[in-house]
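Peer 1: Chain by chain, the residues run as shown.
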Amino acid sequence: MADPPKFDKKSRYTADRGIPGGFEGETVTRRRLMEGGAQLAGGVAVAAIALPGLGFALGPVFEDTTPTRWQDVGTEDDFDDESYVPRVINLVPEVGDPGKTTVYLRRYDQRRDASVEGQEPQPYVCISTRCTHVGCPVRYIQASQKFLCPCHGGVYGFEGQVEGGPPVRPLDRFYTRVTAGRVEVGDRFSVNSEFERFSPRDPSNHLDGGWQYLYPSRPTT
Amino acid sequence: MKLPAPPLPRALRPTPPRPGENGRDGAPAAKPTAKDQAVEGAATVVGWLDERTGSTPFLRGFLYRKVPKGTNWFYTLGSATMFAFLSQAVTGVFLAMYYEPDPTRAYESAARITNEVFLGELVRGMHRWGSTVMIILVFLHMGRTFFFGAYKYPRELNWVIGVVLLVLTLAMGLTGYLLPFDQRSFWATVVAVNINSSGPIVGPYLADFLRAGAEFGPTTISRFYALHMLAIPGLIAALIGAHLYLVAKLGTTAPPWLKAEKKDLLTEEV
Chain A
1 MADPPKFDKK
11 SRYTADRGIP
21 GGFEGETVTR
31 RRLMEGGAQL
41 AGGVAVAAIA
51 LPGLGFALGP
61 VFEDTTPTRW
71 QDVGTEDDFD
81 DESYVPRVIN
91 LVPEVGDPGK
101 TTVYLRRYDQ
111 RRDASVEGQE
121 PQPYVCISTR
131 CTHVGCPVRY
141 IQASQKFLCP
151 CHGGVYGFEG
161 QVEGGPPVRP
171 LDRFYTRVTA
181 GRVEVGDRFS
191 VNSEFERFSP
201 RDPSNHLDGG
211 WQYLYPSRPT
221 T
Chain B
1 MKLPAPPLPR
11 ALRPTPPRPG
21 ENGRDGAPAA
31 KPTAKDQAVE
41 GAATVVGWLD
51 ERTGSTPFLR
61 GFLYRKVPKG
71 TNWFYTLGSA
81 TMFAFLSQAV
91 TGVFLAMYYE
101 PDPTRAYESA
111 ARITNEVFLG
121 ELVRGMHRWG
131 STVMIILVFL
141 HMGRTFFFGA
151 YKYPRELNWV
161 IGVVLLVLTL
171 AMGLTGYLLP
181 FDQRSFWATV
191 VAVNINSSGP
201 IVGPYLADFL
211 RAGAEFGPTT
221 ISRFYALHML
231 AIPGLIAALI
241 GAHLYLVAKL
251 GTTAPPWLKA
261 EKKDLLTEEV
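Residue numbers (this note's numbering), protein chains in the order written: chain A, 1 to 221; chain B, 1 to 270.
These are calculated hints, taken from the structure and not from any lab test. For each residue, glycine too, the CB sits at the ideal point set by N, CA and C. Please note: incorrect hints may appear among the correct ones.
[To be verified] Label-pair ranges, simulated between beta-carbon atoms:
#, chain 1, residue 1, chain 2, residue 2, range
1, B, E156, A, Y13, 40 to 46 Å
2, B, L122, A, E35, 53 to 59 Å
3, A, G42, B, L166, 30 to 36 Å
4, B, L170, A, G42, 32 to 38 Å
[Claimed, not checked] Below, a sample of chain B positions facing chain A; criterion: calculated Cβ distance under 8 Å:
#, residue
5, H127
6, W129
7, A207
8, G213
9, A214
10, F216
11, G217
12, P218
13, S222
All chains should be built: construct the whole structure from the sequences, respecting the hints.
Peer 2: This is the structure in structure tokens:
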């Protein structure tokens with residue numbers, strides 16, 4: 001009678017321990033497979049909860065939340081090319097007063113305003129009052145024909161170009177159009193110091209030279 | 001060491017057993033008084049809990065740690081910061097019962113807390129001034145750690161956790177500042193978010209995340225509210241737990257003006 005084969009009860013490998021189905025050359029032990037499986041299942045379960053939650057919180061970063069909205073601001077006779085007329089438009093109607101902002105309008109002046117090659121000028125120049133430093137509201141002073149920011153002393157010239165203080169680019173503008181004699185204001189756009197149009201950027205974002213690549217356009221605008 | 005007897009009124013002082021009731025020489029023992037029964041009952045409850053949780057060794061190690069000679073009042077700044085946080089948490093929960101995180105209702109509900117709700121002015125004031133106190137205490141605690149050299153080996157990780165707690169505390173200040181929703185808090189938040197936006201590459205996206213869009217929108221205030229009362233306090237509480245665990249595990253340092261002695265380096269805390 002032959003001796004029964006001797007097994008090493010302490011080995012990690014099934015073949016050594018004589019477990020049915022064990023085979024030589026086993027690379028992954030049963031225990032390791034079970035551990036890995038349990039960890040994988042746990043990871044899938046956590047991801048199933050965490051990823052949708054994260055996407056839920058981050059969603060607005062990838063979503064265009066500012067639909068185009070043309071707003072009537074008056075007749076063509078209300079504006080001239082000599083001075084700015086303030087108007088209040090509603091950027092975010094859902095939030096009430098905080099969604100409103102003042103803009104300054106005047107007619108486009110071919111002699112005065114800089115023209116940019118390849119870009120059709122807007123019929124009316126509509127200047128945003130959001131300072132391009134950190135976003136305080138600027139005010140137009142007719143006597144000096146300048147826009148002044150109360151927070152940190154930003155000074156902008158008649159066309160919105162930076163003339164002093166910390167702002168990094170000219171004041172933003174809004175698209176304008178004339179429909180049946182009425183002037184309408186649309187989306188915001190940003191300009192660099194040459195008055196080239198860019199998609200709207202946050203205050204503090206540079207748009208000149210190499211700086212512009214540090215502040216990319218965003219899916220929200 | 002025998003402590004002096006507390007100056008109790010006569011009725012509350014422990015009375016010695018009368019002759020014949022002291023249980024000696026065959027006399028009957030005194031019946032347990034209501035006070036004896038209360039003490040016995042409390043001891044039974046504590047014993048029941050301790051037997052099932054084994055918390056006594058842990059609590060003894062945690063609360064009756066040995067501390068170095070020279071431990072002084074500056075060592076209480078960390079606890080003071082933690083109690084400031086707990087005060088903020090409690091008053092914040094009560095404020096949340098009346099506050100409405102909606103752009104059209106926030107200012108009115110905050111004004112209502114101050115003007116109409118019973119003791120609302122006090123609770124809101126505690127929360128508002130408590131935030132300032134907490135930030136001052138955080139910096140004093142950080143200064144104590146720095147000037148006493150308590151950040152050195154093996155306590156570097158606790159310094160790192162403390163710095164994360166500092167940043168989270170400042171983030172609490174930032175997100176909480178919007179909630180009254182008056183002119184000052186609105187424009188301060190606009191400026192703060194735009195400062196975030198000035199960071200290269202990620203800045204504009206971070207600003208979009210904070211605002212939930214390109215403009216200050218209908219969900220911005222509820223987003224700040226959720227961060228202010230759920231996300232950041234949870235993180236702070238968890239990290240305070242880790243911070244305290246490391247303090248208990250590693251012990252505190254002696255002040256730098258104390259020279260190392262050969263023996264009796266540690267002294268029992270009384």
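Peer 1: Could you tell me which of the hints above the structure violates, numbers in ascending order?
Peer 2: Of the numbered hints given earlier, those the structure breaks are 5, 6 and 13, listed in rising order.
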